[in-house]
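Asker: Read off the chains here:
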Amino acid sequence: MKSHRKELWFQLPTRRAFVNITSQVEVTLRESGIREGFILVNAMHITASVFINDDESGLHADYESWLERLAPHEPVGQYRHNRTGEDNADAHLKRQVMGREVVVAVTEGKLDFGPWEQIFYGEFDGGRRKRVLIKIIGE
Amino acid sequence: MKSHRKELWFQLPTRRAFVNITSQVEVTLRESGIREGFILVNAMHITASVFINDDESGLHADYESWLERLAPHEPVGQYRHNRTGEDNADAHLKRQVMGREVVVAVTEGKLDFGPWEQIFYGEFDGGRRKRVLIKIIGE
Amino acid sequence: MKSHRKELWFQLPTRRAFVNITSQVEVTLRESGIREGFILVNAMHITASVFINDDESGLHADYESWLERLAPHEPVGQYRHNRTGEDNADAHLKRQVMGREVVVAVTEGKLDFGPWEQIFYGEFDGGRRKRVLIKIIGE
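Top line first, the protein sequences correspond to chains A, B and C.
Numbering-wise, the first sequence is residues 1 to 139 according to the numbering used here.
Numbering-wise, the second sequence is residues 140 to 278 according to the numbering used here.
Numbering-wise, the third sequence is residues 279 to 417 according to the numbering used here.
Misleading hints may appear alongside valid ones.
Heads up, simulated BS3-like pairs for lysine-lysine below, C-alpha to C-alpha not over 30 angstroms straight-line [stated by the list, open to error]:
hint, chain 1, residue 1, chain 2, residue 2
1, B, K141, A, K2
2, A, K6, A, K110
3, A, K2, A, K110
4, A, K6, B, K141
Some residues of chain A that are not near chain B, with every Cβ distance over 10 angstroms (derived) [said to hold, decoys possible]:
hint, residue
5, R16
6, V19
7, I21
8, S23
9, P75
10, V76
11, D87
12, T107
13, R128
These are calculated hints, taken from the structure and not from any lab test.
Ideal placement from N, C-alpha and C gives every residue a C-beta, glycine not left out.
Please build the complete structure, drawing on both the sequences and the hints.
Answerer: This is the structure:
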């Protein structure tokens, strides 16, 4: 069994954003030389997500307004977590809806994807350096 | 390390439905000959889910009405994604709540499940051909 | 490829609770002797979750009130599942928001975690014996 590991780094200027990281994951997979196995892509921070969906800007705007409705950022005083001096409690909630990680099958050296699947980094508390972990196991 | 791959195909007549696919996953696991490892089951389409829960029709009706409350299909004009000509933005949102994939342990050649765990395909934008991927790695 | 399996048992006195299980997962990883691979941690019951987030009591209180808002326990008669004699339909819904499982990379014999990542068991229908499965594969 082989394994391969890489970190992606982000520092996004806005509080919230979605970044398509599919091509970076594909490059990492090629570097690994692994042909059959699993690839794990996860946020290493607890106010961010990695998820798979469509690369369509209207949909991303829908996610933004929907997540704000489910777990609004304001008023920050509505969350007990923010009594610690943080203002990011909503980001911890949004990340649970969108998920921490994806596991993708590797088949014949490629991401084994359906026609529209793309991998995104979802930032819910930007403005600081944060990481995504890519780990691949297989042969 | 061995690996095994299979696709399941669906074309459901209704917009939304839940289909128990546990027995098809079990058949695929037996075909693989893998005794210890992981099995990944994921929707290959971004308006569908694979998830694990109870095979109880009342609960499925509860999921249906709850997801409609969290992310209503109508009015379709409330979603920017639908300006592309689609009417399935809600399906992209519902799929995030229910999840894209499950990873299940394989132990002694079987799905290593608790007493009530069953695997479901969740369709949120039916009426077209869609796939689920089963990928197993192990020994 | 090596594999290792362990169950954790819980019987929590309250209906809902969050329990930090990170150190138990770390002990299991050391027992396995696996240095590179993946670790799967999943609830074996369908009214419970395993998830990764912050070990901060204010945040856990926020999760509690937020999940009660998204999928309230009362009135129990609002859910069709509860016509079976259960009163835990809300727990099946809450578990979908928080997730069934996490997959964590194992690197150099350790959980490959960001600075604040901790693994939690999320109970949404306590008062009975329930299990979490830890399964590790790798080398």
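Asker: Which hints from the list above does the structure break, by number from lowest to highest?
Answerer: 12
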